[in-house]
Amino acid sequence: MVAEMTRYLGLGKEDAFGQPASPTRFIDPLRIDVASEKEPILRRSVASRAPVDEAAGSVVVSGEVEFQVEPTVFGDFLLMLLGKVSSSQPDPSNAPTVYQHTFTPCEVGETPPTYTLELASDSTARKVVSAIIESMKIELAPGEYVSATASIVGQKEEQSSPQSPSFPQTRPWHSGEASIKINGEEAELQALSLEINNNPSTDHHVIGSRYLPRHELGELEIKGSMDIRFSDRKYLDEFLEEEEASITIELAGDPIEGGYGYGARIEFPRVVYSAWSGEISGSDPIVQSVDFVALKPSSGDAVKFTLTNTVSEY
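Its first residue numbered 60, the sequence shown is counted upward by one per residue in our numbering.
Worth flagging that the hints you see were computed from the coordinates, not collected in a lab. Among these hints, one or two may not hold up.
[Stated by the list, open to error] Dumping the calculated BS3-like pairs for lysine-lysine here, alpha-carbon to alpha-carbon at most 25 Å:
(1) 363 to 196
(2) 72 to 196
(3) 363 to 240
(4) 143 to 196
(5) 363 to 72
(6) 215 to 240
(7) 215 to 282
(8) 355 to 97
(9) 143 to 363
(10) 363 to 282
(11) 143 to 282
(12) 355 to 240
(13) 143 to 97
(14) 355 to 196
(15) 282 to 355
(16) 196 to 282
(17) 240 to 282
(18) 215 to 143
(19) 72 to 215
(20) 97 to 215
[What the hints assert, rightly or not] Label pairs and their in silico Cβ distance ranges:
(21) 317 to 268: 49 to 59 Å
(22) 266 to 112: 28 to 38 Å
(23) 230 to 317: 16 to 26 Å
We put the CB at the ideal spot given by N, CA and C, even for glycine.
Could you build all of it, start to finish, from the sequences and the hints given here?
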């Protein structure tokens with residue numbers, strides 16, 4: 060009997076750094092490209108031009124996972140990226156299975172919870188222990204599903220055995236379910252790209268271990284780019300006058316119950332435009348490309364994700 064060939068990405072939230080966890084949720088991603096790098100310690104001498112010996116060196120596990128954004132497992136990725144979550148039931152009487160989860164960035168000295176990632180390809184599986192997301196890019200384009208590319212960094216890789224995954228029954232959001240407001244006004248959006256980068260260190264190894272002892276985050280970078288129909292000078296003038304703005308992105312999916320549906324809201328309360336362009340080509344409509352950088356407001360966070368789904372907690 061031929062064994063069933065299965066490919067998937069499994070995610071399990073760990074109780075502590077360096078302690079592997081079994082996957083509790085699975086996705087069928089678009090692409091997995093994760094590798095373990097081992098830098099051997101070479102011994103040289105004056106008698107030979109080539110290394111004469113080697114010892115096992117430091118290990119770093121890193122790579123990318125590309126997937127379509129759906130309302131349930133996306134919360135695990137947000138927790139690995141941002142690090143903090145607050146969950147509640149908005150209407151337990153009329154919608155007892157609906158939960159809302161608000162994800163915000165870690166502060167200085169904090170780190171996100173770590174996850175064990177199980178990467179299965181056909182009849183083999185690999186386990187990446189204590190992974191967080193280094194950076195994540197989210198993209199929206201007309202006529203396409205919302206997609207994300209997560210760059211991960213983990214402590215080490217171990218062997219694993221493939222399982223029978225249970226993929227989410229909810230479908231990914233697509234461009235027809237997205238809307239954007241800039242300073243509270245609807246904008247005619249043609250494309251959007253968001254990137255959040257934790258800039259974690261990957262070289263803080265210590266004597267006595269080949270593996271990272273913890274994750275250490277660097278400066279938080281949040282930036283984006285959007286293509287908007289050039290109907291007036293508003294965004295150009297705001298760019299030239301160095302004005303600040305707020306951006307809110309909504310994704311509205313299938314209904315759940317009690318008037319609630321699978322949704323996501325991404326809020327940037329304070330952004331500044333970093334670049335503007337508007338190419339003129341023949342009689343084609345002019346599309347303005349606007350780049351922005353998110354800043355921390357006087358109170359609150361530079362970015363906030365709110366998911367509405369049927370997951371009770373992350």
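Q. Going straight from one Cα to the other, do residue 72 and residue 215 come out at no more than 25 Å?
A. 16 Å, holds
Q.
Can you confirm whether the C-alpha distance between residue 282 and residue 355 stays at or below 25 Å?
A. 12 Å, holds
Q. Keeping to a limit of 25 Å between CA atoms, is the pair of residue 143 and residue 97 held or broken?
A. Not satisfied, since the Cα-Cα distance of roughly 31 Å exceeds 25 Å.
Q: Given the hint that residue 355 pairs with residue 97, test it: the Cα-Cα distance must not exceed 25 Å.
A: 38 Å, violated
Q: Would you check the hint for residue 215 and residue 282, treating anything up to 25 Å between C-alpha atoms as holding?
A: Since the Cα atoms of residue 215 and residue 282 sit roughly 30 Å apart, the hinted pair is violated (cutoff 25 Å).
Q: Decide if the proposed pair is consistent with the structure: residue 363 and residue 282, CA atoms, cutoff 25 Å inclusive.
A: 14 Å, holds
Q. Measuring from beta carbon to beta carbon, are residue 230 and residue 317 in 16 to 26 Å?
A. Given a distance of about 20 Å, which is inside 16 to 26 Å, the answer is holds.
Q.
Can you confirm whether the C-alpha distance between residue 143 and residue 282 stays at or below 25 Å?
A. 20 Å, holds
(Q) Given the hinted pair residue 363 and residue 240, is their Cα-Cα distance within 25 Å? (A) Given that 25 Å is the threshold and the Cα spacing comes to 15 Å, the pair holds.
Q) How does the Cβ-Cβ distance of residue 317 and residue 268 compare with 49 to 59 Å: does it lie in that range? A) 51 Å, holds
Q: Compare the distance between the alpha carbons of residue 143 and residue 363 with 25 Å, and conclude whether the hinted pair is satisfied.
A: Holds: residue 143 and residue 363 sit about 10 Å apart, inside 25 Å.
**Q.** Satisfaction of hint between residue 282 and residue 196, Cα-Cα up to 25 Å
**A.** 10 Å, holds
When each numbered hint is compared with the structure, violations occur for hints 6, 7, 8, 13 and 22.
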